[in-house]
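Participant: The lines below spell out each chain.
There are 2 protein chains.
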Amino acid sequence: MNAKIQFLKNQMKILNLQGMIISNPVNIRYLTGLVAEGTLLIAPKENVFLTDSRYLEAVNSYLTIDQEIVTYDIKNLTIDDYITFFEECENVGFEEKYVTYELYKIYLQTYKVNLVETDGIIEKYREVKEDAEIENIRKACFITDKCFDHIKEYIKVGMTEKEVAFEIEKFMRTNGAEELAFDTIVASGSNSSMPHAVPTDKKIEQNDVVQFDFGCKVNGYCSDFSRVIFMGNDIPDEVQKIHKFVLNEYEFIIRNLIENVSVKKILKKCEQDYKDNEYELLHSFGHSLGLDIHEEPILSLKSDLKLKNNMLLTVEPGVYIPGKFGIRLEDTVLITRSGCNTLTKSPLTIFKTI
Amino acid sequence: MNAKIQFLKNQMKILNLQGMIISNPVNIRYLTGLVAEGTLLIAPKENVFLTDSRYLEAVNSYLTIDQEIVTYDIKNLTIDDYITFFEECENVGFEEKYVTYELYKIYLQTYKVNLVETDGIIEKYREVKEDAEIENIRKACFITDKCFDHIKEYIKVGMTEKEVAFEIEKFMRTNGAEELAFDTIVASGSNSSMPHAVPTDKKIEQNDVVQFDFGCKVNGYCSDFSRVIFMGNDIPDEVQKIHKFVLNEYEFIIRNLIENVSVKKILKKCEQDYKDNEYELLHSFGHSLGLDIHEEPILSLKSDLKLKNNMLLTVEPGVYIPGKFGIRLEDTVLITRSGCNTLTKSPLTIFKTI
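If you're matching them up, the sequences are chains H and A in order.
My numbering applies: residue 1 is where the first sequence begins, and numbers increase by one.
My numbering applies: residue 1 is where the second sequence begins, and numbers increase by one.
These are computed hints drawn from the structure, not numbers from a lab.
Take the hints with a grain of salt, since some may be wrong.
List of simulated lysine-lysine pairs, PhoX-like, C-alpha gap at most 25 Å [unchecked claim]:
1) H:Lys-45 / H:Lys-9
2) A:Lys-275 / H:Lys-75
3) A:Lys-170 / H:Lys-146
4) H:Lys-170 / A:Lys-203
5) H:Lys-139 / A:Lys-202
6) A:Lys-156 / H:Lys-170
7) H:Lys-302 / A:Lys-269
8) A:Lys-203 / A:Lys-156
Between beta-carbon pairs, the in silico distance windows are [unchecked claim]:
9) A:Val-157 / H:Lys-45: 44 to 54 Å
10) A:Thr-84 / H:Asn-10: 15 to 25 Å
11) A:Asp-66 / H:Glu-130: 46 to 56 Å
12) A:Ile-65 / H:Ile-14: 51 to 61 Å
13) A:Asn-207 / H:Lys-146: 36 to 46 Å
14) A:Glu-280 / H:Asp-183: 52 to 62 Å
15) A:Lys-105 / H:Asp-183: 42 to 52 Å
16) H:Ile-235 / A:Asp-66: 54 to 64 Å
17) H:Glu-37 / A:Asn-207: 43 to 53 Å
18) A:Thr-84 / H:Leu-108: 30 to 40 Å
19) H:Lys-156 / A:Asn-91: 56 to 66 Å
Here are some chain H residues the structure puts well away from chain A; computed CB gaps all over 12 Å [to be verified]:
20) Gln-6
21) Lys-139
22) Ile-254
Every value quoted in this text rests on a predicted model; they were computed, and no experiment measured them.
All C-beta atoms in this analysis are idealised placements derived from N, C-alpha and C, irrespective of residue type, glycine included.
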């Protein structure tokens with residue numbers, strides 16, 4: 001029996017759910033390994049994957065008997081068939097964070113059961129990573145570092161942000177990544193003051209601050225990473241000062257992230273530092289990642305989170321001066337019993353092009 | 001005043017909605033041009049875009065006074081502020097196809113109004129394209145054709161499916177496309193029998209059928225296109241026969257697509273052809289596209305659709321022989337008063353490499 005589905009069944013028992021409808025494709029991939037459109041039903045009689053003819057051949061050749069999942073082509077199912085899946089169930093859970101209001105109504109009509117909202121049962125389980133998952137993320141981080149090494153040599157005044165962003169993608173995808181983990185950010189000059197800048201046709205100029213934020217996927221698992229390059233040799237005092245501030249915040253957080261620590265306590269200190277320097281906090285200090293680039297928990301001042309061994313997070317303090325420039329430093333890190341290990345390992349200096 | 005928002009307000013009046021919450025980012029982009037995370041509120045007092053500090057600078061520099069949209073940073077809003085947005089409203093619509101069950105509950109708590117499900121008001125408006133939209137899709141189709149010209153020369157026995165897929169992406173993105181419209185399909189040999197095959201490390205072999213399905217985006221607007229290359233000179237009879245069948249279906253549909261025509265009537269004839277030849281129908285014959293790669297309406301046997309002038313659709317019949325090969329031919333086409341114009345224009349032959 002699939003161990004993850006067994007865990008889910010135990011959780012369902014605690015919540016008095018006899019069945020569960022899993023609609024989020026990332027959760028389906030996590031539980032079964034399947035990468036196909038469809039719906040996974042966990043039910044007393046049998047676990048079922050409902051899919052359509054486009055995916056049927058691939059799904060059937062992937063699933064093994066051990067998985068104990070029966071596949072159905074939705075084209076062949078009657079209204080009565082749908083009712084039989086959960087006919088012994090009193091309560092059936094659904095993923096309220098993923099299912100649309102429309103789909104909820106369709107499920108009600110289709111399965112004719114009492115639907116119960118569930119809030120991230122599987123996502124909660126995904127928070128602590130298994131060795132194989134960490135290994136994939138480690139590989140994605142390795143490619144990301146190699147890519148930044150390449151970009152430091154590659155980038156030149158006169159290139160556009162878009163050109164450099166595309167070079168990042170080409171490098172990662174020809175060096176073992178299957179795809180980007182998210183849209184690459186290359187933001188130069190005053191564009192860097194927007195944390196979520198989109199690469200433009202703006203040419204990178206002499207003495208620009210260039211903010212990078214990128215990552216890739218290996219076997220579906222993400223890396224996330226930010227660094228800054230200065231397009232010159234003579235870094236202005238204001239840039240140096242803010243880089244130093246961000247670096248200090250980064251190092252303070254990294255030193256304190258360890259199993260069982262209270263995140264709020266660490267971040268309160270950072271919040272005070274921002275206030276003392278009159279910098280605005282434009283985003284959280286980090287987030288978990290895995291099959292999704294943004295997973296729970298996040299490093300937020302409002303969080304009651306206690307860290308666990310084998311959680312994977314980003315640490316990413318940033319300061320943004322509107323209309324001028326911004327600086328963010330970010331690594332993907334692994335929480336362990338003895339502290340945190342950065343999986344992206346490029347130096348944190350503000351790089352200069354000479 | 002923004003003309004599209006004016007149209008929406010007229011629709012809302014018909015539905016007795018005094019306010020509307022727009023959450024789908026594609027609909028927000030369509031109505032306002034904004035490409036940023038946030039929520040658009042259409043309300044009697046003022047139209048509001050709620051966003052966060054990551055996007056604020058970009059949003060404010062993009063919006064003009066003519067748009068009549070006021071931006072708020074959600075960080076600065078109190079519980080009471082949210083209630084005031086719709087305080088004169090009896091009924092407020094929300095997008096039931098986009099909003100999750102969880103978000104629906106949050107809206108109820110936040111805005112304290114009577115929420116009314118709406119089903120694709122904006123999507124319905126998006127079905128008929130404006131000239132500027134058609135122009136963007138025309139450009140995306142032009143790049144797509146150019147790319148296929150390039151790939152016909154580029155592809156060689158021994159390359160992997162992934163390599164060729166990446167070359168397609170590189171070509172389109174260095175020739176004017178901002179990104180892919182969807183994940184490129186390059187499926188060779190028996191992989192081509194799966195309509196939604198993902199490019200693998202399989203090497204392309206002599207005498208493989210290679211199925212291509214790709215498209216790109218220009219200013220957010222998509223193209224969609226499929227063709228087949230045979231890796232040799234001597235096409236087997238079975239491949240020729242199926243290519244001829246698919247081509248006939250394609251041509252029959254294209255000849256008959258015209259304003260006001262009933263789609264069901266055309267496709268019934270195709271369905272009969274498939275039955276007569278004992279081929280299975282694995283997917284619909286086409287779909288609309290625009291800012292999304294899949295939009296309503298679709299070319300389905302179940303559809304009561306009557307075509308309208310300036311609708312944009314794909315036409316994509318396909319036949320798949322499990323374990324052996326598949327052939328799909330697809331163009332992006334524009335419906336006009338005098339027939340349909342294909343915007344992708346590559347020849348429909350099964351290309352041979354010599």
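Participant: Taking the hints in turn, state whether each one holds.
Facilitator: So, going through the hints one by one against the coordinates:
no. : hint                              : verdict
1   : H:Lys-45 / H:Lys-9                : 13 Å, holds
2   : A:Lys-275 / H:Lys-75              : 16 Å, holds
3   : A:Lys-170 / H:Lys-146             : 20 Å, holds
4   : H:Lys-170 / A:Lys-203             : 20 Å, holds
5   : H:Lys-139 / A:Lys-202             : 22 Å, holds
6   : A:Lys-156 / H:Lys-170             : 21 Å, holds
7   : H:Lys-302 / A:Lys-269             : 61 Å, violated
8   : A:Lys-203 / A:Lys-156             : 10 Å, holds
9   : A:Val-157 / H:Lys-45: 44 to 54 Å  : 49 Å, holds
10  : A:Thr-84 / H:Asn-10: 15 to 25 Å   : 46 Å, violated
11  : A:Asp-66 / H:Glu-130: 46 to 56 Å  : 54 Å, holds
12  : A:Ile-65 / H:Ile-14: 51 to 61 Å   : 56 Å, holds
13  : A:Asn-207 / H:Lys-146: 36 to 46 Å : 38 Å, holds
14  : A:Glu-280 / H:Asp-183: 52 to 62 Å : 38 Å, violated
15  : A:Lys-105 / H:Asp-183: 42 to 52 Å : 30 Å, violated
16  : H:Ile-235 / A:Asp-66: 54 to 64 Å  : 42 Å, violated
17  : H:Glu-37 / A:Asn-207: 43 to 53 Å  : 31 Å, violated
18  : A:Thr-84 / H:Leu-108: 30 to 40 Å  : 34 Å, holds
19  : H:Lys-156 / A:Asn-91: 56 to 66 Å  : 57 Å, holds
20  : Gln-6                             : 26 Å, holds
21  : Lys-139                           : 16 Å, holds
22  : Ile-254                           : 23 Å, holds
The structure fails to meet hints 7, 10, 14, 15, 16, 17 from the earlier list, while all remaining hints are met.
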